[in-house]
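**Student:** Each protein sequence line maps, in turn, to chains A and B.
Just so we're aligned, residue 1 is where the first sequence starts under my numbering, counting upward by one.
Just so we're aligned, residue 1 is where the second sequence starts under my numbering, counting upward by one.
If you're looking for bench data, these hints aren't it; they were derived computationally from the structure.
Every residue, glycine too, gets a C-beta built ideally from N, C-alpha and C.
Incorrect hints may have been included.
Beta-carbon label-pair distances, calculated as ranges [said to hold, decoys possible]: (1) 35(B) x 64(A): 19 to 29 Å; (2) 117(B) x 116(A): 35 to 45 Å; (3) 42(A) x 100(B): 32 to 42 Å; (4) 66(A) x 143(B): 40 to 50 Å; (5) 14(A) x 103(B): 16 to 26 Å; (6) 70(B) x 75(A): 17 to 27 Å; (7) 14(B) x 1(A): 30 to 40 Å; (8) 101(A) x 66(B): 20 to 30 Å; (9) 70(B) x 29(A): 34 to 44 Å; (10) 76(B) x 72(A): 35 to 45 Å; (11) 35(B) x 135(A): 40 to 50 Å; (12) 75(A) x 129(B): 13 to 23 Å.
As a list, the in silico DSSO-like pairs of lysine-lysine whose alpha-carbon atoms are at most 27 Å apart [stated by the list, open to error]: (13) 133(A) x 133(B); (14) 104(A) x 18(B); (15) 18(A) x 133(A); (16) 104(B) x 70(B); (17) 133(B) x 31(A).
Among chain A residues calculated to face chain B with C-beta under 10 Å, some are [said to hold, decoys possible]: (18) 64; (19) 84; (20) 100; (21) 129.
2 protein chains.
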Amino acid sequence: MEYVMHPIGVIHSPFTDKIKTPIQPSRSTAKGTIEIFSGFAEGLADVDGFSHIILLYVFHCSSGYELRVKPFLDNQLRGLFATRHPHRPNPIGMSIVRMLSCRKNVLEIEGVDVLDNTPLLDIKPYVPDFDVKTGVRTGWYEVRNMRNDE
Amino acid sequence: MEYVMHPIGVIHSPFTDKIKTPIQPSRSTAKGTIEIFSGFAEGLADVDGFSHIILLYVFHCSSGYELRVKPFLDNQLRGLFATRHPHRPNPIGMSIVRMLSCRKNVLEIEGVDVLDNTPLLDIKPYVPDFDVKTGVRTGWYEVRNMRNDE
């Protein structure tokens, strides 16, 4: 079975070099813009009421994948699905960014961590009632933090 | 441009009827299982260290979309991208669920809000440092809550 996805827009960012792109939006204050293709602009109604949006996009510069990878934030091989590594069987990225403005088909965003010209697949509203969990453990990421705190 | 996605596994849930499926995992205590296709099982290493995982999947029973929809939790038409409605140009769903166990290629999860046999595209670890935002406004969703509190 296969599913064919078509971009609904494109994300513009200051980053044209993978090496210099921030690892996660929480580590980035970079601004960017999202251009939604005009046929989809009507779907942006009411988005301006939300402070944050979830972006689903294509890691368009990533091809192929390995099932054990070294995360950017760690120095050991980890199972791919325990990481946010961009080389994945389905190269879909997810980032939550702050929205600065929403005019017609253009959104200004802050906290961008993607390469310029990233194809956008979907926008969803960020809703803490759905998206914030408590009692969280974060495996290797947590241990890595503890090491750094020592 | 188009991007072809192939499932890495399937989500089993108690829900076989769209109408009876919970709206969001935070409103569900239902348990389910994820079966990862054997070729991808190695990528599950280290996932057991995480209490919560982000699932990206296909809304496989949704076809077509409209750019203004009535959210399940509201009674007014809203821009599609300001909602989590399953009928989307790229029908990708996102849910954050609690992981109960991870053995070989099978994950037991809690907080399932998807239909049985949902095709799974990706698993990412849930990391509050990346995924929890502060100073959040939630537009129509917030107003709806206020109405209900009255």
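**Student:** 35 to 45 Å was suggested as the range; check whether the CB atoms of residue 117(B) and residue 116(A) agree with it.
**Tutor:** Taking Cβ atoms as reference, residue 117(B) and residue 116(A) lie about 38 Å apart, which means the hint holds.
**Student:** Cβ-Cβ distance between residue 66(A) and residue 143(B): within 40 to 50 Å?
**Tutor:** holds (46 Å)
**Student:** Holds or violated: is there a CB of chain B closer than 10 Å to the CB of residue 129(A)?
**Tutor:** holds (6 Å)
**Student:** Can you let me know if the beta-carbon spacing of residue 14(A) and residue 103(B) is within 16 to 26 Å?
**Tutor:** With Cβ atoms ~44 Å apart, the hint is violated.
**Student:** Would the pair residue 18(A) and residue 133(A) pass a check requiring their Cα atoms to be no farther apart than 27 Å?
**Tutor:** violated (30 Å)
**Student:** Is the shortest C-beta separation between residue 84(A) and chain B less than 10 Å?
**Tutor:** Hint holds; residue 84(A) Cβ to chain B Cβ min 6 Å, cut 10 Å.
**Student:** Verify the interface restraint on residue 64(A): the C-beta must sit less than 10 Å from at least one C-beta of chain B.
**Tutor:** Hint violated; residue 64(A) Cβ to chain B Cβ min 13 Å, cut 10 Å.
**Student:** Taking the CB of residue 70(B) and the CB of residue 29(A), does the distance hold inside 34 to 44 Å?
**Tutor:** holds (36 Å)
**Student:** Verify the CB-CB distance for residue 35(B) and residue 64(A) against the hinted window 19 to 29 Å.
**Tutor:** This hint holds: roughly 24 Å between Cβ atoms.
**Student:** Assuming the hint says 40 to 50 Å, is it satisfied by the Cβ distance from residue 35(B) to residue 135(A) or not?
**Tutor:** Given a distance of about 26 Å, which is not inside 40 to 50 Å, the answer is violated.
**Student:** Run the distance test for residue 104(B) versus residue 70(B): straight-line Cα separation, threshold 27 Å.
**Tutor:** Given pair residue 104(B), residue 70(B) is violated - Cα atoms ~41 Å apart, limit 27 Å.
**Student:** Does the beta carbon distance between residue 70(B) and residue 75(A) stay inside 17 to 27 Å, or does it fall outside?
**Tutor:** At roughly 49 Å between Cβ atoms, residue 75(A) and residue 70(B) fall outside 17 to 27 Å, so the hint is violated.
Checked against the numbered hints listed earlier, the structure breaks hints 5, 6, 7, 11, 14, 15, 16, 18, 20; every other hint is satisfied.
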